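4 protein chains.
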Amino acid sequence: MPVPNALDEARQELALANKIAHHEGVLDTFGHVSMRHPGNPNHYFLSRSSAPDMVTVERLVEYDLDSQPVRPHNYTQFSERVIHGEIYKARPDVMAICHHHAPAFMPLLVTGTDYVPVFHLGAVGGIKPPYWDQRDEFGDTMLLVVKPEEGASLARALGQHSMVLMRRHGVTVVGSSVPDCVYRSIQSCRNAEFQVRSMMIGKIASLSEGETKLAGQITGKTTGLTRSWEYWAAQIAKTGAPAGRAGKTAKRKTKASASRNAKRRR
Amino acid sequence: MPVPNALDEARQELALANKIAHHEGVLDTFGHVSMRHPGNPNHYFLSRSSAPDMVTVERLVEYDLDSQPVRPHNYTQFSERVIHGEIYKARPDVMAICHHHAPAFMPLLVTGTDYVPVFHLGAVGGIKPPYWDQRDEFGDTMLLVVKPEEGASLARALGQHSMVLMRRHGVTVVGSSVPDCVYRSIQSCRNAEFQVRSMMIGKIASLSEGETKLAGQITGKTTGLTRSWEYWAAQIAKTGAPAGRAGKTAKRKTKASASRNAKRRR
Amino acid sequence: MPVPNALDEARQELALANKIAHHEGVLDTFGHVSMRHPGNPNHYFLSRSSAPDMVTVERLVEYDLDSQPVRPHNYTQFSERVIHGEIYKARPDVMAICHHHAPAFMPLLVTGTDYVPVFHLGAVGGIKPPYWDQRDEFGDTMLLVVKPEEGASLARALGQHSMVLMRRHGVTVVGSSVPDCVYRSIQSCRNAEFQVRSMMIGKIASLSEGETKLAGQITGKTTGLTRSWEYWAAQIAKTGAPAGRAGKTAKRKTKASASRNAKRRR
Amino acid sequence: MPVPNALDEARQELALANKIAHHEGVLDTFGHVSMRHPGNPNHYFLSRSSAPDMVTVERLVEYDLDSQPVRPHNYTQFSERVIHGEIYKARPDVMAICHHHAPAFMPLLVTGTDYVPVFHLGAVGGIKPPYWDQRDEFGDTMLLVVKPEEGASLARALGQHSMVLMRRHGVTVVGSSVPDCVYRSIQSCRNAEFQVRSMMIGKIASLSEGETKLAGQITGKTTGLTRSWEYWAAQIAKTGAPAGRAGKTAKRKTKASASRNAKRRR
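Residue numbers (our numbering), protein chains in the order written: chain A, 174 to 439; chain B, 174 to 439; chain C, 174 to 439; chain D, 174 to 439.
Be a bit skeptical, because a hint or two may be false.
Which copy is meant is left open, so a pair is good if it fits within one copy or across any two.
[Stated by the list, open to error] Each computed DSBU-like pair below joins lysine-lysine, with the alpha-carbon atoms no more than 30 Å apart:
(1) K376 to K301
(2) K320 to K386
(3) K394 to K320
(4) K394 to K262
(5) K320 to K262
Note that these hints are calculated values from the structure, not bench results. Every value quoted in this text rests on a predicted model; they were computed, and no experiment measured them.
Given these sequences and hints, build the entire structure.
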């Protein structure tokens, strides 16, 4: 049996990430998690058209930053892949992206309410991350981000934030690694859910700026991410899903991707 | 083993559709999905009395448009099958119908609140689809649509829309194919859930007319429906349910029904 | 293998009923469904102390109407069994009782809001069924109905209704058979859930008195109860639960209990 | 096979407790249940860094009351273990502690709303248990309780209550045994959920002081805790989790821990 190399491991982690984001309620039949090629910053990996729970290593496609497949294929593709390509162009520090329409966020997106971190783990989203309304620049559309200029506009709205809220559509979250991006997506969804339910009974309190900055470092300074990834991977393993070597190797893989990313960030 | 013909495949798809609509929270112990006979526009298929999750090909009954069984049988039947027969009479373009009482819609139906598309996938329901109140024309009833004139009245209220809301009762959704109808039912339920939760915290924004028209074409112009059906069928296959050849053949079947419908529409 | 007799079947149905009420969200670790002895109106069956999902035929105890065990035993018992005994005394037409603390009802019980039928299947609970507050007659208690006089007081509040709401505690539902009682419990919970969610976004509409009376007969006039019981029993059978011969015999058993009850009612 | 001793049983019960609290929605990927060493009041057991559902006997670490491991090890640890150590110091009667961030409580913690017992089983939390805001004494932090003085401050806020609410963070619950602590955690979460949903539709009623005192004794005076633990353990056993000998021995173990605690309390 050949020794798996770093790229194989990263691709397995990405397939697993799509399943985890699905299993934890961030993705449903739609939405996707991508990753920048760990060895080539000008390419990224994203599944061909597939429900997130059915993403496998075999379904991953390598794209250039114009979101064109590096190798021709006959599979159907996600129409919104420019979200990924344009953000990877604009943000060299970003190593993974999750685009989703999680129910937890919908009340915010439908009413135009700002996201506010209401508990320590919600600090991953920042205080009042930016909104983007496709209508502002492009008028009436089918609300899918399919043209390069639409993706570029979204990337501009994202700026240096870790997520951007898309009116009447969804959310796009970025991270410094695949696990980091998935963790941010899951915890910001939980925060959004808590925020919305809290607004139904009273006036909500926000973390202060200082608390948000400090609590935003929990992921890096505690064992929370490793612990979470081990658990999430074990949940997927229970379902018998084929992608990724969930469970035992999760910890190592998380570290692996962390070191890969450490090298890439300057 | 004989080669399955198009009718067999369509019937398997219909049994699967009932299970999917159940699994995705549209149907519970009540409600039903029917399909127009792919080879005879004057007949339709609907299960005999059965919880949706227990519908099998064997339980399907062929009805004429007066909702009388084509072949006599001794099974108990749904009392509300005139919903299906009368709509098939009034709308030659309709190939499948789902009648449901999904929890997601109940707050709208109980308060008489209009359905509003609040995110792109909710465009499948249109802007403010019509309401029908059985009491208006028929006074006090048990609120089941059991008489032909009640079904005909409901069909008139539906008009050329893709769904009609029934006060203090439920919803009836139509589609150009079985997967299209199930997809509309599921996505409109999700939109209703998002709309209701959004109303609890603020003022909701609607898709514009232009956005609704364009986003309403997502099903036809993207890979979303195929992707969804593959996923939904795989979920049913996991439960060990006998109906339909879920999973591998799902894509082909979806295409098959699409071409069947294409031929039928003029 | 001996032929199972009617009493054996009824006891199996009762064990299954507890599991169904649990599986459908009416009961959790607490609450219980009892049945009047089909051959002796002065006795009833109730599980010994047991979470509803763990009730088996072997755990059922035969009680007299003073809620004393007919045969001495050493098992721990439910402290609230007088709810059952006192209602069976006061209501000879009642053949089964469910006492529960379903989450769906809690917002009503905590705020003292009347139950209102907001969709056809919610008619099983009637319009504004009575409230009972243990504090009114008995002052400060642990809010458990443990004394015969407390049970008798609750039975007086129930009167000829099909359910009584207990402030800051729960609900007690009666029925003409075990399946009828379980069906009323489940559908009234669903109605309560819809009512509560509807109240969060607007003014709710009630079924009219005429609609409530007519829709209250749906259970007897349609195939809904048989269809539901078949489905619920199949769900329990999937979990591998030992009690009751779920599934295939469910329909026959439902009929059996119906005829038993028909004989008993005069 | 060696006869399991009391400590082995207690440790198995603790591992099981973490899984139960997870399965019942109190814990997710974060939070933890600890227990005072049954034979040494100056030590306590807590898992090394682990998602609650993955806690096993092997992962348990023995700590002194300064939250330092009794035996050196190389595993990662929870950063918030001072919550446990400082409360065990301040409260000799406390035998088990659960720290959680349950969704049910979040609307209270985010809006600063008092917890109010709204049904009999919610009496386990008392009337308006104290709040603690880390910001008051420590200014901007990452909102994790990691320093001994932070843990001691939290313990002072807890006082003689059975739980303390932590603004924008979570809840810490104490008990006289592991099952008692888990039971209180679960039932107070249910109460919080009911309270929040009730507040969305009207004015809530509280149990009176007398009712709260009396209903707070339900755990000790009825079979509710034994019944619940048997059920919860059986649920975990179904999932195939390795920790604890769930099910058959649960009752005995519960008694065992009760007698252990009885001895320890003076």
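Structure-based check of all given hints:
With identical chains, the CA atoms of K376 and K301 are at most 30 Å apart both within one copy (16 Å) and between copies (19 Å). Taking identical chains as interchangeable, the C-alpha atoms of K320 and K386 lie at most 30 Å apart only when they sit on different chains, with a minimum of 19 Å there against 35 Å within one chain. Taking the shortest alpha-carbon separations for K394 and K320, only the inter-copy value of 15 Å comes in at or below 30 Å, while the best intra-copy value is 39 Å. For the homomeric pair K394 and K262, the shortest alpha-carbon distances inside one copy (29 Å) and between copies (27 Å) are both at most 30 Å.
In this assembly of identical chains, K320 and K262 lie within 30 Å of each other by CA distance solely inside one copy; the values are 15 Å within and 42 Å between copies.
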